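Each protein sequence line maps, in turn, to chains A and B. Counted the way the working numbering counts, the first sequence spans residues 1 to 460. Counted the way the working numbering counts, the second sequence spans residues 461 to 914.
Hints are computed from structural coordinates only; laboratory data are not their basis. Source: prediction; values computed, not measured. Glycine included, every Cβ here is placed at the ideal spot set by N, Cα and C. It is possible that part of the hints are untrue.
Counterexamples of contact, computed for chain B against chain A with all Cβ distances above 10 Å [to be verified]:
{"hint": "1", "residue": "Arg619"}
{"hint": "2", "residue": "Leu626"}
{"hint": "3", "residue": "Gly760"}
According to the in silico footprint, chain A covers these stretches of chain B (three or more CB under 8 Å from chain A) [to be verified]:
{"hint": "4", "segment": "498 to 509"}
{"hint": "5", "segment": "561 to 569"}
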Amino acid sequence: MTFPPLIQELRRALGGENVISAPSELAVYDCDAFTARRRRPEAVVFPRSGRDVAETVRIALRHGVSIVPRGAGTSLAGGCLPGECSLLMMLSRMNRILEINLRDRTAVVEPGVLNLQLTTALGREKAGCHFAPDPSSQGASTIGGNVATNAGGPHTLKYGVTVNHVLGVEAVLGDGRIVQFGPVEDPAAFDLSGLMIGSEGTLGIVTKVWVRLTPDPQDHRAFRAIFDSLEDASNTVTQIIAAGIVPAALELMDQGILGAVEAAFAFGFPADAGAVLVIEIDGLTVGLDPQEEQIVALCKKNHAREVLQASTERERELLWKCRKSAVGATGRLSPSYILEDGVVPRTQLPRILGRIAEIGRKHQIRIVNVAHAGDGNVHPILLYDERDPEEFQRAMAAGREVLDECLACGGSITAEHGVGVQKLEFMPRQFTPADLAALRHVKTAFDPAGVLNPGKLIPS
Amino acid sequence: MTIESRNNVETNRPGSAENGWPAFARVGPGNPAAGISYELFLRCVHCGLCTSSCPTFTELGDENDGPRGRIQLMRMVADGRAELTERMRDHLELCLDCRACVTACPSGVEYGRLIEPFRLAVKQADTRLEERYDWFREIVLLRLFPYADRLRLVLLPVRIMQRLGLFDVAECLGLFKLIPGRLGRMVPLLPPPVRGGPRLPKFLPAVGRKRARVAFFTGCVADAMFRQTHWATVRVLQQNGCDVFVPPEQCCCGAIHYHAGDGRGARKMADQNLVAFELDRYDAIIVNHGGCGAMMKEYGLHWQDGLQPHRAKFAEKVKDVHEFLDELGFVPPGGRIEATVTYHDSCHLAHAQGVADAPRRMIAKIPGLEIRDLPESGICCGSAGTYNLFEAEMADRLADRKLQNILSTGAEIVLAANAGCLLQILAEVRKQKASVRVMHTMDLLDLSYRNVSL
Numbered sequence: 001m002t003f004p005p006l007i008q009e010l011r012r013a014l015g016g017e018n019v020i021s022a023p024s025e026l027a028v029y030d031c032d033a034f035t036a037r038r039r040r041p042e043a044v045v046f047p048r049s050g051r052d053v054a055e056t057v058r059i060a061l062r063h064g065v066s067i068v069p070r071g072a073g074t075s076l077a078g079g080c081l082p083g084e085c086s087l088l089m090m091l092s093r094m095n096r097i098l099e100i101n102l103r104d105r106t107a108v109v110e111p112g113v114l115n116l117q118l119t120t121a122l123g124r125e126k127a128g129c130h131f132a133p134d135p136s137s138q139g140a141s142t143i144g145g146n147v148a149t150n151a152g153g154p155h156t157l158k159y160g161v162t163v164n165h166v167l168g169v170e171a172v173l174g175d176g177r178i179v180q181f182g183p184v185e186d187p188a189a190f191d192l193s194g195l196m197i198g199s200e201g202t203l204g205i206v207t208k209v210w211v212r213l214t215p216d217p218q219d220h221r222a223f224r225a226i227f228d229s230l231e232d233a234s235n236t237v238t239q240i241i242a243a244g245i246v247p248a249a250l251e252l253m254d255q256g257i258l259g260a261v262e263a264a265f266a267f268g269f270p271a272d273a274g275a276v277l278v279i280e281i282d283g284l285t286v287g288l289d290p291q292e293e294q295i296v297a298l299c300k301k302n303h304a305r306e307v308l309q310a311s312t313e314r315e316r317e318l319l320w321k322c323r324k325s326a327v328g329a330t331g332r333l334s335p336s337y338i339l340e341d342g343v344v345p346r347t348q349l350p351r352i353l354g355r356i357a358e359i360g361r362k363h364q365i366r367i368v369n370v371a372h373a374g375d376g377n378v379h380p381i382l383l384y385d386e387r388d389p390e391e392f393q394r395a396m397a398a399g400r401e402v403l404d405e406c407l408a409c410g411g412s413i414t415a416e417h418g419v420g421v422q423k424l425e426f427m428p429r430q431f432t433p434a435d436l437a438a439l440r441h442v443k444t445a446f447d448p449a450g451v452l453n454p455g456k457l458i459p460s
Numbered sequence: 461m462t463i464e465s466r467n468n469v470e471t472n473r474p475g476s477a478e479n480g481w482p483a484f485a486r487v488g489p490g491n492p493a494a495g496i497s498y499e500l501f502l503r504c505v506h507c508g509l510c511t512s513s514c515p516t517f518t519e520l521g522d523e524n525d526g527p528r529g530r531i532q533l534m535r536m537v538a539d540g541r542a543e544l545t546e547r548m549r550d551h552l553e554l555c556l557d558c559r560a561c562v563t564a565c566p567s568g569v570e571y572g573r574l575i576e577p578f579r580l581a582v583k584q585a586d587t588r589l590e591e592r593y594d595w596f597r598e599i600v601l602l603r604l605f606p607y608a609d610r611l612r613l614v615l616l617p618v619r620i621m622q623r624l625g626l627f628d629v630a631e632c633l634g635l636f637k638l639i640p641g642r643l644g645r646m647v648p649l650l651p652p653p654v655r656g657g658p659r660l661p662k663f664l665p666a667v668g669r670k671r672a673r674v675a676f677f678t679g680c681v682a683d684a685m686f687r688q689t690h691w692a693t694v695r696v697l698q699q700n701g702c703d704v705f706v707p708p709e710q711c712c713c714g715a716i717h718y719h720a721g722d723g724r725g726a727r728k729m730a731d732q733n734l735v736a737f738e739l740d741r742y743d744a745i746i747v748n749h750g751g752c753g754a755m756m757k758e759y760g761l762h763w764q765d766g767l768q769p770h771r772a773k774f775a776e777k778v779k780d781v782h783e784f785l786d787e788l789g790f791v792p793p794g795g796r797i798e799a800t801v802t803y804h805d806s807c808h809l810a811h812a813q814g815v816a817d818a819p820r821r822m823i824a825k826i827p828g829l830e831i832r833d834l835p836e837s838g839i840c841c842g843s844a845g846t847y848n849l850f851e852a853e854m855a856d857r858l859a860d861r862k863l864q865n866i867l868s869t870g871a872e873i874v875l876a877a878n879a880g881c882l883l884q885i886l887a888e889v890r891k892q893k894a895s896v897r898v899m900h901t902m903d904l905l906d907l908s909y910r911n912v913s914l
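Isolated chain A, as found in the complex (with noise of 0.2 Å):
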């Protein structure tokens, strides 16, 4: 069998078995979990090392082709969508945990290592901290994944996002060289691997990452609160925030993603309660009682039907499982769905949901709703039969208008998903043209010849 030259050097420098190159075994990489656009690599590279990495940048630039790299393939914004002419990059073999360090409490680990997989580990040796970046993915995406996208997830409410549980990275530019920036607390000159965080695979493929530990609570609360109204359940969350409470987690289903969650978990919501509040608060065992108080009384305030404690360690984690699988238990409503990752200031959570809805009503798309709410994140999922390219094009433009409507809440495009390409367009609304000059200025710095994942994230 005969390979054209790019791919014969690419299985010289990697090895056969780490080179992908058949059109029907290509297929299964022309998306991630944004399905609404697709297309196929010209080839499926598996590092085993930075090296790897780096010596596949350096043959990409020979032939004039791009890099896209990919972990689990999660992203809901089409972060790993191959481009024209790109070669994608599998880091799923890149999987090693390589250090976990107790007593400093950091652990290093490779980009294909999976975000509770380090977690799970921590437990194994009872390690009493884990990892806190939590994305409602965890358990299948991987944590160069959430580096690229600075990934969230509920608790990052009291607990950040993964920008600040990162404390280096080592990388591979644009021009092949490996570099390290890190792992500091605080670095002595530019803040460079909190540039790579965030940064989609446009700077640089995060070959290394130095992650903190964060120890876990001494004990934690977690409740479910159910509203019979969703303008009842985001003002609660607007009350709670505005009362100084920082939960470890506060956050939002509406009526149309209970059902889906329910069929798929059968964890007891009532089919008639028109939203769900999942509360978690955490920290000294002596501090948890005052605070669960002053919410259930903020949630009875604004009509909770009831409030709830999961009462078993077992129920909290059906509880998150609903939560954090929430979005992927769509299937059960719709054959489609494009998610939408908006933020607004936490005191305008009723009004976008409302607009939400009437966006909805007025494109005739049915759209239901999971929100990181304490964060005034918005996630609707809008619902479309991807057989009717018409629906398509409403579940598009309703998409659009909400986001819109995000930023006109004094909001932002993306809280954690990253732009990828859905929200592409959206960038020159968020940003001046200043500002976008300033960040095409440094993602040249990084990529002189564009050859990492280009198309996403800066609209050329």
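Once you have looked at the hints, place chain B on chain A.
Leaving out everything else, chain B in the frame of chain A:
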């Protein structure tokens, strides 16, 4: 540009057939997806939450070897967007059908109802199978394995060798490595000889107050290799107040035939079992091996003919022994067993049947026993029916992964409730000369009831 950009057509407009994607459901006769409801494909929203649960994806890191990718491969064929190539077929064949992805999937994709009929159709359409006589499939797989008596007879010389110690000598000398192919793969899987006991009688009465009336399914390989476990199981059932009937006309569940691509042979076995078990006489049909139970619970799904309603009714009566006793209200055993154990989830029990908590709850009632969590308990051991005979390399990798996880717990005993897992783990333990005992959960419970030490 150095390579032809043939595939480089970006589409952002679903339904645009001119771009070659997606054209929906062009399933015609001759398409392996012809018998599959298209709605089953549409359930998958491509979120990717399943990938990390998949043993082959975990080992290889290639989406072609993960559930989401495999569904996409099958759907491309269903849509007429791609011809089934040899490589695609290899990726589909490498699937263990362990259903870990079904447990992981929040959207409720019924993966088994996609991969099984698809692979069956591919095998049946494969003309090479007809042209080239596959003696292993025809004789060993379809005519020997599913029949406990024949299997026991064939194994008799081996058993005699084992008792005389000749088996170990031959193994040490590496003589078995001279046996070629799949037959050679089978030799190390043979468990050391254990006295299985006589054939189960037709009826065993409840001990104490009678609480249920059940039929017991004995199966094929399970009966030939693990009859002692059958005895243990019926004793446990008796101790729990069950009258146990063992209908003698019953046969293999048909899983071996079904997975080897012989749907007709499988249906014949299913239908013989329909006759053998008089449904109205029993509260449940009890199965103690996950693989057989999963197959029988799916009798109602596999064949759409006049007997389908009857098969569906049969399937409803099928209960795994742990599941049944847990629902009935399990009578805790009294005998102390001072040991550390860990429990391995058989895929077809945990993922296909959703029975994972009941066995753990039951063994937790054994006095003196210390239970340790098994890391990656739900990742397949590589046995997967007859998978280990056909996909040797992957099966070996998964067996090693399983054993390393077992050893990491420091447990003295690993429990599992499926014949394939027991054989596979036992073989790996022997191969690596590890010191850990491999037992069925019922074996251990039975010891505790009878107050017999290990």
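Open item on the list: Closer than 8 Å Cβ to Cβ for three or more residues is the test here. Does the segment 498 to 509 of chain B pass it with chain A?
Closed with: Three-residue rule met by the segment 498 to 509 of chain B, so holds; n is 8.
Task: chain A versus Gly760/B - minimum CB to CB distance exceeding 10 Å, so not interface - done: Non-interface label on Gly760/B holds, nearest chain A Cβ at 21 Å vs cutoff 10 Å.
- [ ] Over 10 Å to the closest beta carbon of chain A is the bar; see if Arg619/B clears it.
- [x] The assertion about Arg619/B holds, with a minimum of 41 Å to chain A.
Task: Given coverage of the segment 561 to 569 of chain B by chain A, checked by CB-CB distance under 8 Å (3 or more) - done: holds (count 6)
TODO: Run the C-beta distances from Leu626/B to all of chain A and say if the shortest one exceeds 10 Å.
DONE: 41 Å, holds
Hint violations for this structure: none, all hints satisfied.
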